Amino acid sequence: MEPYKNIVDHLGDKASFYLDHISEKITKDELQLPGKDFIDKVFINSNRNPQALRSLSQLYEHGNLGGTGYLSILPVDQGIEHSAAFSFYKNPDYFDPENIIKLAIEAGCNGVASTFGVLGLSSRKYAHRIPFIFKINHNELLTYPNKYDQTLFGKVKDAWNMGAVAVGATIYFGSEESNRQLKEIAEAFEEAHNLGMATILWCYTRNEAFKTDKEDYHAAADVTGQANHIGVTIQADIIKQKLPTNNFGFKEIGFGKYDDAMYETLATEHPIDLCRLQVANCYMGKIGLINSGGGSKGISDMEEAITTAVINKRAGGSGLIMGRKAFQRPFKDGVELLQAVQQVYLENSITVA
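In the numbering used here, the protein residues as written are 339 to 691.
It is worth saying that the hints were derived from the structure and are not from the lab. Where hints are given, some of them may not hold.
As the list claims (entries may be wrong) - In the DSS-like style, the derived pairs of lysine-lysine whose C-alpha atoms are separated by at most 27 Å in a straight line are:
#1 K363 - K440
#2 K428 - K670
#3 K624 - K374
#4 K379 - K363
Stated by the list, open to error - Per label pair, the in silico range of CB-to-CB distance:
#5 S638 - K670: 16 to 22 Å
#6 N387 - K428: 21 to 27 Å
#7 E546 - Y482: 17 to 23 Å
#8 Y427 - Y596: 16 to 22 Å
Computed from a predicted structure; not experimentally measured. Just so it is clear, CB atoms sit at the ideal spot from N, CA and C, and this is done for glycine as well.
Sequences and hints are given; from them, build the entire structure.
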């Protein structure tokens with residue numbers, strides 16, 4: 339099937355809603371858009387040293403999206419974050435960490451992100467074949483009662499020794515531990531840059547107060563947008579964020595700084611405009627925004643993945659980081675799903691809104 343038609347078919351009766359929308363609040367002319375010269379335009383005059391620029395180039399030039407300015411990254415740290423049995427029971431092959439790396443290579447991803455244990459076990463065999471992104475902190479769920487905190491699982495220098503192109507980390511913005519996490523990761527990112535590696539920040543929000551009787555605002559565009567803005571402040575080279583599902587988080591929760599006029603000025607309720615606000619908070623797209631692919635729901639995964647990719651691309655984002663939808667299914671099907679998402683970014687007919 340012709341790629342564009344396949345994308346339209348998966349969008350179904352919402353194809354026009356997503357493909358014909360034009361963002362008029364923050365326009366595309368105000369953004370730094372992804373492209374083959376993205377690194378030259380954004381980072382060439384920055385404080386990133388030549389080795390870090392080379393690492394960024396390795397990431398952006400690898401795989402099926404190499405040279406486009408877009409990224410397709412396979413992240414598999416759910417064995418720690420969500421427990422291994424729960425994460426891998428749908429496809430036990432992924433208890434073997436080598437299969438995670440094989441999936442990323444076969445699918446033509448720009449890079450593979452995982453734990454020290456997963457990537458370290460095969461680093462000599464694969465670090466030169468696909469860019470490695472070592473996730474340096476995690477939230478483990480074996481502590482009882484469960485708590486939501488990010489703990490460092492290794493050192494940045496260890497990632498460098500094992501051939502990493504980049505390090506990744508999570509900060510739970512809004513949590514009681516967020517100040518400590520912010521300090522830890524800012525220092526870790528400084529060391530990574532000094533060693534010549536790129537940095538990717540998972541900018542997640544965590545606070546029980548963010549979920550009200552009315553709605554859950556953990557993925558609100560204004561709240562996640564501010565998390566992104568803090569993330570780029572500590573010099574993350576790439577921001578990973580969940581796709582926004584609503585707005586007005588500051589207003590409805592009743593904290594932070596907000597004005598009714600800011601909501602009217604910056605976005606509409608359209609999903610692309612909400613994602614555009616996230617992009618704007620990443621220094622108007624000068625730091626790439628990659629959105630999360632979300633959990634696996636089975637039969638609807640392909641439709642959801644393509645929809646997310648279309649929203650991200652048309653908002654001015656830089657790609658997807660998709661794990662569970664790919665590895666919680668047979669290997670061949672996981673490859674097919676990842677490559678279908680990549681096709682959205684390769685399709686010239688799908689433009690920035």
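Open item on the list: Taking the earlier hints as the rules, which of them does this structure contradict?
Closed with: 1, 6, 8
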